[in-house]
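Q: With the hints as constraints, model all of the structure from the sequences given.
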Amino acid sequence: MTMKTFPPLGEISDAMVIETSRAAGEPEWLTEQRAEAWRFFASAEPPYWRRTDLSKFKPEQVIAAADTAATSLYQEEDLADQGVAFTTLAQALRSHEALIRRYLGAAIEPTRHKFLALNAALWQDGVFLYVPKNVSVELPLTAVFSMPIPGGAIMPRNLIILDDGASVTFVEEYHSIAASDQAFAAPVTEIFLGNDSTLRFVAVQTWGEDVYHIGAQKARVGRGAALEWAAVNLGARVQHIEAETALEGDGSRVEWVAATFAADHQNLLTAPWLRHIGAKTEGHMDFKTVVKDQSYTTFDGMIKIEHQSRATVSRLEEHALHLSPKARSDSIPGLMIDTNDVAKAGHASTSGEVDEEQLFYMRSRGIPRDEAIHLIVMGFFEPVLDRIPNDALRQRIADMIEAKI
Amino acid sequence: MNSDLVIKDLRVSVEDKEILKGVNLTVKAGTIHAIMGPNGSGKSTLAYTLMGHPGYTVTGGEVWYQGRNILELEPDERSKLGLFLAFQYPVAIPGVTVANFLRAAMNAHRAEEGKDPKETAIPMAQFRKQLREQMAALGIDESFARRYLNEGFSGGEKKRIEILQMAMLEPKMAIMDETDSGLDIDALKIVAQGVNTLYARHPEMGVLVITHYQRLLNYIKPHFVSVLMDGRIVREGGPELALELEEKGYDFLREEVASA
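Chains as they are written, first to last, in my numbering: chain E, 1 to 405; chain S, 1 to 260.
It should be emphasised that the hints constitute simulated quantities derived from the structure, not laboratory data. Treat the hints with care, as some may be off.
What the hints assert, rightly or not - List of simulated lysine-lysine pairs, DSBU-like, C-alpha gap at most 30 Å:
| no. | chain 1 | residue 1 | chain 2 | residue 2 |
| --- | --- | --- | --- | --- |
| 1 | S | K158 | S | K80 |
| 2 | E | K292 | S | K8 |
| 3 | E | K280 | E | K304 |
| 4 | S | K21 | S | K80 |
| 5 | S | K158 | S | K28 |
| 6 | S | K8 | E | K404 |
| 7 | S | K80 | S | K8 |
| 8 | S | K115 | E | K404 |
| 9 | E | K404 | S | K80 |
| 10 | E | K114 | E | K56 |
| 11 | S | K248 | S | K189 |
| 12 | S | K189 | S | K28 |
Claimed, not checked - Listed next, the stretches of chain E that the computed footprint assigns to chain S, with coverage defined by at least 3 CB atoms under 8 Å from CB atoms of chain S:
| no. | stretch |
| --- | --- |
| 13 | 303–309 |
| 14 | 359–365 |
All C-beta atoms, glycine included, are put in the ideal place defined by N, C-alpha and C.
A: In structure tokens, the structure reads:
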């Protein structure tokens, strides 16, 4: 695969950002947005993250993609006559500019930190998905982002918009072709769910061992809408994902599950935020982590029940399994309640080695120790794997987990 | 090779406290042998030790089975030798279905060194048929095959699943650890029938039934009864011994042992 690239980030000027945008025929408001984001990126200090090790990361040397060669889209049925748009964001600028202008950046503020600004300034890759009112899409739609050249960088920008009553399954996958690719990915996914819509969102990160992945995702959920969100994090040297679900509409709900498996020297952080804003919103989070070797993971989760919410139901479960004594998993769950009207809010957290009683029980049936650990780990992740809509992808993830154990 | 289970002067400690203080016992192949004893006598310690639980420290003695001192073997090796323990408190394995667990266990038993596990694995159709039949015989609803092992199961359901595992694995020497505890009479009958059916099918198998109460022995008729007290076998006899204990309680034996 070949791709067009920008010069190293250290050599890019805001004039170049503006010129590139104009040469691509982008609307002026977008050129403006990119230039502003670039100025923020160029002047901001790198964020200080205590639990994400960026000491070996040199952003000024990054060579970013200047086309959409890293984006591959898969759909199994033709949806155009139902009015569904599923295309690269770059292309959608020609057909859906008004929608993009309204929603781009409306969930995630580009100036939250330097790398989000970088995404806003330089994004080329990325997907645009729009499902019109009351349209139900049966088969999953998948966007795969892979690194076209060693040492490259991609900043996919994904915009998912479901109109009222729409329903769809969307899978975003970050995936290295070669395991040893050195690379950087800074994707941003913004999701907007109209009233009574349903989204099954699956985010899979299976980069090779030398990738830095700094990403953000946010879903804004409308009245009566339902989000099922399953995240799988297996790859990358360093991962820093800030993810948020904002239950804005009354009666909106989320079922949020995640599986993280870190080995070797991987440093994987997930920071999920769940915000209850509307009345009678319901959120369930079930996050599973396995650590092995000298890896280090962080679960930096927060549930915020805001002042104007009422009769909220919220539950957070978060469990970590240690396969090696040197591996480390930090858990920093938080619960902020700004109202007196909560129906139910609960939190459960465990962390520990494989249970000896489970092992003995399985071994007493003839299953050797190693195989028993395999079964226990696969079982631990089962609630997440169960949510992956596509058999081939589920099998591939299961195989990767097996190989990692 | 000797298919009797021969326990010689077995001494076991838990956290430095001696629980079994020299147990001598032979469970003959082809017999049903009951071990009765009051709470705290060491019954469960004996069951767990025979299966190789890492929390029990053997400080002396031997246990011979099939020509091996099984105390030197890992739990999975003991299982492959034909030993089976029906747990008093079966363990839940979240995310692992009853069917997948059983298939893994059966395939582990069928595995042979130097052979591809795919070659020795039980064919799927055969496994499904066998599982369906055994579940029906034990009155277990088919939906249990897809449920996570012991997760959210009632006490009675767990015990039935233990017997299901036994029926599928067809052990040569089965140890039942307080299988009657927590069961009502109907469930007890079904569980006992499961054991009796398997025994009828494999009359060469040995069954060691560990229980506090005589009740279970109305349904699983033992050939021999041994009484375990304070870490030692204090009395051996036939089925009439169980009835005597039911009538008189354990105290009369305790007095006898004390005065001996």
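Q: All the hints need checking, so say for each whether the structure fits it.
A: Outcome of the hint check:
A hinted pair counts as satisfied when its Cα atoms are at most 30 Å apart, and K158 of chain S with K80 of chain S qualifies at roughly 23 Å. Annotation: proposed proximity of K292 of chain E to K8 of chain S is violated, straight-line Cα distance about 42 Å (limit 30 Å). Restraint check for K280 of chain E and K304 of chain E: the C-alpha separation of about 14 Å stays at or below 30 Å, so the hint holds. Taking the CA atoms of K21 of chain S and K80 of chain S, the gap is about 28 Å. The hint holds against a cut of 30 Å.
Proximity of K158 of chain S to K28 of chain S is assessed by CA-CA distance (about 28 Å); at most 30 Å being required, the pair is judged to hold. About 44 Å separates the Cα atoms of K8 of chain S and K404 of chain E, which puts this hinted pair outside 30 Å; it is violated. Between the alpha carbons of K80 of chain S and K8 of chain S the distance comes to roughly 22 Å, so the proposed pair stays at or under 30 Å and holds. Between K115 of chain S and K404 of chain E, the direct Cα distance comes to roughly 24 Å. Compliance with the 30 Å bound is thereby established for this hinted pair.
As the CA atoms of K404 of chain E and K80 of chain S are separated by approximately 28 Å, the hinted pair is consistent with the 30 Å bound. Note on K114 of chain E and K56 of chain E: the hinted pairing holds, with a Cα-Cα distance of about 17 Å set against a maximum of 30 Å. The suggested pairing of K248 of chain S with K189 of chain S holds, with an alpha-carbon distance near 25 Å, which does not exceed 30 Å. The suggested pairing of K189 of chain S with K28 of chain S holds, with an alpha-carbon distance near 25 Å, which does not exceed 30 Å.
Judged by the Cβ-Cβ criterion of 8 Å, the stretch 303–309 of chain E is not covered by chain S as claimed, because only 0 of its residues qualify and three are needed. Chain S is given as covering the stretch 359–365 of chain E, and this holds because 6 residues of the stretch bring a CB closer than 8 Å to a CB of that chain, at least three being needed.
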